[in-house]
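Fit chain G to the given chain S structure using the hints.
2 protein chains.
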Amino acid sequence: MAEGGNEEVVSNKQVILRDYVTGFPKETDMYVTTTSINLRVPEDSNGVLLKNLYLSCDPYMRSRMKHSEEPDFVPYTPGSPIVGFGVSKVVDSRHPEYKKGDLVWGYTGWEEYTHLSEPQVLFKIPNTDVPLSYYTGLLGMAGLTAYFGLHDVCSPKKGEYVYISAASGAVGQLVGQFAKSAGCYVVGSAGSKEKVDLLKNKFGFDEAFNYKEENDLDAALKRYFPEGIDIYFENVGGKMLDAVLLNMRAHGRIAVCGMISQYNLEQPEGVTNLMQIIYKRVRLQGFLVFDYFPQYYKFVDAVLPDIKQGKIKYVEDTAEGLESAPAALIGLFSGRNVGKQVVVICRE
Amino acid sequence: MAEGGNEEVVSNKQVILRDYVTGFPKETDMYVTTTSINLRVPEDSNGVLLKNLYLSCDPYMRSRMKHSEEPDFVPYTPGSPIVGFGVSKVVDSRHPEYKKGDLVWGYTGWEEYTHLSEPQVLFKIPNTDVPLSYYTGLLGMAGLTAYFGLHDVCSPKKGEYVYISAASGAVGQLVGQFAKSAGCYVVGSAGSKEKVDLLKNKFGFDEAFNYKEENDLDAALKRYFPEGIDIYFENVGGKMLDAVLLNMRAHGRIAVCGMISQYNLEQPEGVTNLMQIIYKRVRLQGFLVFDYFPQYYKFVDAVLPDIKQGKIKYVEDTAEGLESAPAALIGLFSGRNVGKQVVVICRE
Numbered sequence: 009m010a011e012g013g014n015e016e017v018v019s020n021k022q023v024i025l026r027d028y029v030t031g032f033p034k035e036t037d038m039y040v041t042t043t044s045i046n047l048r049v050p051e052d053s054n055g056v057l058l059k060n061l062y063l064s065c066d067p068y069m070r071s072r073m074k075h076s077e078e079p080d081f082v083p084y085t086p087g088s089p090i091v092g093f094g095v096s097k098v099v100d101s102r103h104p105e106y107k108k109g110d111l112v113w114g115y116t117g118w119e120e121y122t123h124l125s126e127p128q129v130l131f132k133i134p135n136t137d138v139p140l141s142y143y144t145g146l147l148g149m150a151g152l153t154a155y156f157g158l159h160d161v162c163s164p165k166k167g168e169y170v171y172i173s174a175a176s177g178a179v180g181q182l183v184g185q186f187a188k189s190a191g192c193y194v195v196g197s198a199g200s201k202e203k204v205d206l207l208k209n210k211f212g213f214d215e216a217f218n219y220k221e222e223n224d225l226d227a228a229l230k231r232y233f234p235e236g237i238d239i240y241f242e243n244v245g246g247k248m249l250d251a252v253l254l255n256m257r258a259h260g261r262i263a264v265c266g267m268i269s270q271y272n273l274e275q276p277e278g279v280t281n282l283m284q285i286i287y288k289r290v291r292l293q294g295f296l297v298f299d300y301f302p303q304y305y306k307f308v309d310a311v312l313p314d315i316k317q318g319k320i321k322y323v324e325d326t327a328e329g330l331e332s333a334p335a336a337l338i339g340l341f342s343g344r345n346v347g348k349q350v351v352v353i354c355r356e
Numbered sequence: 009m010a011e012g013g014n015e016e017v018v019s020n021k022q023v024i025l026r027d028y029v030t031g032f033p034k035e036t037d038m039y040v041t042t043t044s045i046n047l048r049v050p051e052d053s054n055g056v057l058l059k060n061l062y063l064s065c066d067p068y069m070r071s072r073m074k075h076s077e078e079p080d081f082v083p084y085t086p087g088s089p090i091v092g093f094g095v096s097k098v099v100d101s102r103h104p105e106y107k108k109g110d111l112v113w114g115y116t117g118w119e120e121y122t123h124l125s126e127p128q129v130l131f132k133i134p135n136t137d138v139p140l141s142y143y144t145g146l147l148g149m150a151g152l153t154a155y156f157g158l159h160d161v162c163s164p165k166k167g168e169y170v171y172i173s174a175a176s177g178a179v180g181q182l183v184g185q186f187a188k189s190a191g192c193y194v195v196g197s198a199g200s201k202e203k204v205d206l207l208k209n210k211f212g213f214d215e216a217f218n219y220k221e222e223n224d225l226d227a228a229l230k231r232y233f234p235e236g237i238d239i240y241f242e243n244v245g246g247k248m249l250d251a252v253l254l255n256m257r258a259h260g261r262i263a264v265c266g267m268i269s270q271y272n273l274e275q276p277e278g279v280t281n282l283m284q285i286i287y288k289r290v291r292l293q294g295f296l297v298f299d300y301f302p303q304y305y306k307f308v309d310a311v312l313p314d315i316k317q318g319k320i321k322y323v324e325d326t327a328e329g330l331e332s333a334p335a336a337l338i339g340l341f342s343g344r345n346v347g348k349q350v351v352v353i354c355r356e
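The listed protein sequences correspond, in order, to chains S and G.
For the first sequence, the working numbering assigns the number 9 to the initial residue and increments by one for each residue that follows.
For the second sequence, the working numbering assigns the number 9 to the initial residue and increments by one for each residue that follows.
Simulated from the structure, these hints should not be mistaken for lab results.
Source: prediction; values computed, not measured.
Treat the hints loosely; a few may be bogus.
Since the list can't tell identical chains apart, any single copy or any two copies may satisfy a pair.
What the hints assert, rightly or not - Pairs of lysine-lysine residues, derived as DSBU-like cross-links and limited to a Cα-Cα distance of at most 30 Å, are as follows:
(1) K108 to K306
(2) K188 to K166
(3) K74 to K34
(4) K230 to K74
(5) K247 to K74
(6) K201 to K34
(7) K108 to K97
(8) K188 to K165
Isolated chain S, as found in the complex:
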């Protein structure tokens, strides 16, 4: 202990990015190490000191593991901890908006404790009647993405035909349920029988199929959408997008949320059927959840009652311990996870 009780140094386990990644990421692209951290916010800081409880594994993180000049997607720093969304408890604070004991979710480090000198994306957790881990997904970034990606980007109308790829994932499972609530006919695709069963029997999709069992995606979509697709929620890209473009209805909308099939390719696949967007007057709209952060509490008010009443189903795939985080993240890209991939560092 140092002067004025202003030091309380503890050990701090971290997941470090070894170097920029090319191709398919591997567990060994990261390593776990232990350093130490002072649990008191330094006097010259306006920040917070967080104890991290739950971490979120998200496909977009792959984009930050590579070197990029992209100003909107700042790469991780090799040799430093991975950064992502997580649920944390405030251990110390010199920031006027947060006080010791607050539960928060937002950007944090993949480590036991994180000092944020300038918290930029950090929300106070509005309700603890639901599992805290939900704030890594359903009531965090994934929920916000699904809700505004569907409602704001796609404007679903009752009776419209909605298709969702990667449908059992954190975002897809919610888009499907929100679309059902809006009165749409909803079909999802996923990569295993177990996931397809979840879509049909737990999440209430009208139909679902295993894309790995379809040699001809165009034919599969024609089978499930004989009238065509009004809304496509795009999580996959590449060949899937090309097949969807052949099946869009006039004035259809495609919310481009992610393209997980492309993230590990050195050169993305070419999409060849873009002329369809002229014939069918399709709107293809990219969006980022960051733009909807100011509407976070509005979103919570809209969905929390349905969550508490059990009307919204939600499946998490939980990995225990920070040491399991690299494998959990890598598993997203082979579809190993079933539902939202969470890492538990500690439960309180």
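Okay, now just chain G, sitting in the frame of chain S:
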């Protein structure tokens, strides 16, 4: 002459599509023949008999020269005349909305006289103080496409950066001028020095370049748009679209009007940079001019004063005689035309 003066048979020269076209179209995919036609609308018809004056050559026509199951783009019938937009005079009518002597523009045959049993796209020409040929372009389909494609699809704001490919063509030259009127910074590309000069010196674009002289389209766009592109008016597709995607600004809009570089390919080029539309929240919106036909006279009211005052510049490339029509149409795909390609059958 037959009973009741109900027949007046004259010879009728026609441009016939020989067969469905694959690859780059050739003049010999069409042939000129002479048949005969009765200039009186049959008693059991509700139609009109048109004398065709000016024909419009448009890139979209290539899509109708091939076999397709596309319900929104009905193929031409081999052995029958080409169909396209044109300016005509009503010679006889049993339709309540049209009378003999009316000047009209709309869908007609590539022939001297056309009997339309059910006129579906046929507008009465609202003003004859401007050259009649303008109704094949500036005051017809191309003008309507440029006006609503820019204003409705792209919502240009003062100071925004606008890029137009195939910029000296019928639509591009107008989009550029409308965007300048809206206070935008406008750059166009075209395929010859003559066209680039037109863009800069006649149509008032801020900058223009010859894409054939650029080995690296991405680098060229970075030179002309160091701040990036807010609005791209897409007439070209393929490699050009891929380069543009690398240069879009956040919340940019792409109006997808046509993809002339792709129409003659058996397999379209793949577009690989679509992930940019996520990072930049880009909206890629296909549209068809047909959807704006109900607003045609509103468009005329908006632009006619500027046309009469010479504020809108317009360049036509005129081919004389129906026999020249096949070569004029084919020339679009090698960029032979300078400005709007018109075929004159007869001037009154």
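Here is how each hint holds up against the structure:
Taking CA atoms no more than 30 Å apart as the test, K108 paired with K306 passes inside one copy only; the shortest distance there is 25 Å, against 63 Å between copies. Proximity of K188 and K166 under a CA criterion of 30 Å is satisfied intra-copy only: 9 Å inside one chain copy versus 41 Å between copies. Proximity of K74 to K34 under the C-alpha cut-off of 30 Å is restricted to the intra-copy arrangement: shortest distance 13 Å within a copy versus 48 Å between copies. In the homo-oligomer, the alpha carbons of K230 and K74 lie at most 30 Å apart only across protomers (23 Å), although the nearest pairing inside one protomer, at 37 Å, exceeds that limit.
In this assembly of identical chains, the alpha carbons of K247 and K74 lie at most 30 Å apart whether taken from the same copy (23 Å) or from different copies (24 Å). Taking CA atoms no more than 30 Å apart as the test, K201 paired with K34 passes inside one copy only; the shortest distance there is 25 Å, against 52 Å between copies. Taking the shortest alpha-carbon separations for K108 and K97, only the intra-copy value of 8 Å comes in at or below 30 Å, while the best inter-copy value is 83 Å. When the C-alpha separation of K188 and K165 is checked against a cutoff of 30 Å, the pair qualifies only within one copy, where the shortest distance is 11 Å, while the shortest distance between copies is 37 Å.
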